[in-house]
Amino acid sequence: MRDRFLIFCGLFLFLALFTYPVWHGIAAHTSTRGPELKLPANQTSCVAPLSYMRSAHMQLLIEWRDGAVREHHLRYTAYDGKSYKVSLTNTCLGQCHGSKQQFCDRCHQYAGISTPYCWDCHQDVAPSAANATVASAAGRHP
Amino acid sequence: MKVTRKNFLRLLAGSAASAAAAGAGKVVQAIRSSLPAAPRWGMAIDFSKCPKGCDACTKACRLAHNVPQIPDPNHEVKWIWEEPYENVFPSQPAEFGRQDLAGSQLLVLCNHCADPPCTRVCPTQATWKRDDGIVMMDYHRCIGCRYCMAACPYGSRSFNWVDPRPYVETANPQYPTRTKGVVEKCNFCAERLADGLLPACVEACPEKALIFGDLHDENSAVRQALRSRYGVRRQPELGTDPSVFYLV
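Protein chains in written order, with my numbering: chain X, 1 to 142; chain F, 1 to 248.
Don't read these hints as lab results, they were simulated from the structure.
Be aware that a few hints might be false.
The following label-pair restraints were derived from C-beta to C-beta distances [as the list claims (entries may be wrong)]: (1) Lys49(F) <-> Arg70(X): 31 to 41 Å; (2) Ala48(X) <-> Ala37(F): 47 to 57 Å; (3) Ala194(F) <-> His108(X): 51 to 61 Å; (4) Lys208(F) <-> Thr44(X): 27 to 37 Å; (5) Gln235(F) <-> His57(X): 40 to 50 Å; (6) Thr170(F) <-> His57(X): 26 to 36 Å; (7) His108(X) <-> Ala94(F): 34 to 44 Å; (8) Ser55(X) <-> Lys49(F): 54 to 64 Å; (9) Arg227(F) <-> Met53(X): 48 to 58 Å; (10) Ser55(X) <-> Asn87(F): 26 to 36 Å; (11) Gln125(F) <-> Trp119(X): 47 to 57 Å; (12) Cys54(F) <-> Ile113(X): 20 to 30 Å; (13) Glu76(F) <-> Trp119(X): 21 to 31 Å.
Cβ atoms here follow ideal geometry from the backbone N, Cα and C, with glycine treated the same way.
Next comes chain F alone, as it looks inside the complex:
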């Protein structure tokens, strides 16, 4: 074929375009690989280490976040607390297997689900999932409709039916209290993580039963714990993909 001027220019343009496309692809790939992957904070609870009657984690959380202690169970506000095994794992009764678990108390807190139903129903986006996996609350935006409480299958959220201030035993000025009419829950100590600290409950646990870390980092403490032990999550069949594991 005779190479005409027209064909020569066509060939030139075509090869230039394909070279540019390949180059751009490589640049995008290089940028992507150089960006640090966002962490996904998670927790593993080794409940066999939890001594009976110990409330160090609950107390530390209460002090860190000004969680009120309201005696009326209808008005209770809870971030991390104990529940009977049957309520924590309702679909796995300890009827025949680990019967020692029946009636035992297990720690519960917000699961910081990867696919949280609470954020999906919030009409004001007062609750949302951050890039690091923490399901956050913006109390400024919360209108107190309690849709999120209805959506959460774990009962991790509490509503402030009364002004919580009189029930905060020792006010920590570093952290705000909440007001009447907003929903609140565990925030995985986002404010402490920002300062490079571990969550208050993890730090306070005398038995090191709470293991916290980045689920995306295979060398993190939580991943190491999950590699060596079997970890179960609360109601995984619901597809919420919780970030809190119970080591068995």
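Chain X extracted, bound-state conformation:
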């Protein structure tokens, strides 16, 4: 048992390295905390129930995208009967969420998802509330 010291040192090192992620998480207070999202101040419901939006907002956005661009479906009736203009920047950001950095990015970062390429074209600058009010589609055509 002359090597007892070395064996225990090795064991300690192994355990320390093996459990490092756990200690690091505890020290940084990150392992149990979810993302800090800035929720819309003046809205209580989204275009679909929260659980659906959490897991499938990307599918809804793809449906919106294809519907608006290809099928000319520019309005969306939500599950609660409210009607919304189909627009990522003007409706999602402009009417409710306000900031991509404080909502979309924080959750994506937490989940380890790289920023989707929606924002390569769609702007993350929320237009002012006045600009977001879009004239009714029933207006006069030339």
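Model the placement of chain F on the given structure of chain X, informed by the hints.
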């Protein structure tokens, strides 16, 4: 001829069938006539009214659609711009006739052809003709192959060789920008038409030189203009049937 039971039933069935067919035909006709005919958006350009040096329409389009202003001519992105007469009407040189037109600048934009060659060659259907005649782009689907640019005989399409965002002078948050690697062009302000507004260029023109409307509606402003003036189209011999007319 003696009317047997069999013949009587035959006669009955035959007349019932012909009555049903005639009725169905009438119903189909009635439905067809009650449906509103899809519009075909078109434009007439009264270029004699265009003041020299005026770029109100180009500027309005740039602001409405975040069209970048890239100084390098190889990377330029254009929706509505001016071209010399010789480039706009290459098969109608102003050699002997209207010599004043030679060298003059004319407005050009996507012609929104009724038979667009660009849509036919697109391998992903990223560009297609809508029911209202607008040749649309779906930037989400565009893979940047530039077949459409090769097919368009008017050079109405531009390719984003570089990220256009740094070159957008005042970003309009109401409309997306484009990204590197997609083709773009005039969309006849489809997003404004959906809100019942006229295209940005038409609205911005101080001289009312751009006349926009439904070519299928004989009372529309564009049809009235085409009735009173002679309108020529760019290279009609190609059979693309453009929706943009130049009033002479």
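Here is what the structure says about each hint:
1. The hint said 31 to 41 Å for the Cβ distance between Lys49(F) and Arg70(X), and at roughly 37 Å that hint holds.
2. Roughly 37 Å separates the CB atoms of Ala48(X) and Ala37(F), a value that falls outside the hinted 47 to 57 Å.
3. For the pair Ala194(F) and His108(X), the supplied restraint of 51 to 61 Å is violated, since their beta-carbon distance comes to about 31 Å.
4. At about 48 Å, the beta-carbon gap between Lys208(F) and Thr44(X) misses the expected band of 27 to 37 Å.
5. Separated by about 47 Å at the C-beta atoms, Gln235(F) and His57(X) satisfy the suggested range of 40 to 50 Å.
6. Restraint check, Thr170(F) to His57(X): a C-beta distance of roughly 30 Å satisfies the suggested window 26 to 36 Å.
7. Evaluation of the 34 to 44 Å hint for His108(X) and Ala94(F) yields a failure: the beta carbon distance comes to about 59 Å.
8. Between Ser55(X) and Lys49(F) the C-beta distance comes to about 57 Å, which sits within the given range of 54 to 64 Å.
9. Against the hinted window of 48 to 58 Å, the Cβ-Cβ separation of Arg227(F) and Met53(X) comes to about 54 Å, which satisfies the hint.
10. About 54 Å separates the C-beta atoms of Ser55(X) and Asn87(F), a value inconsistent with the hinted range of 26 to 36 Å.
11. Distance hint for Gln125(F) and Trp119(X): a CB-CB separation of about 24 Å, inconsistent with the stated range 47 to 57 Å.
12. Between Cys54(F) and Ile113(X) the beta carbon distance is about 48 Å. The supplied range of 20 to 30 Å is therefore violated.
13. Taking 21 to 31 Å as the suggested C-beta distance range, the pair Glu76(F) and Trp119(X) conforms, at roughly 25 Å.
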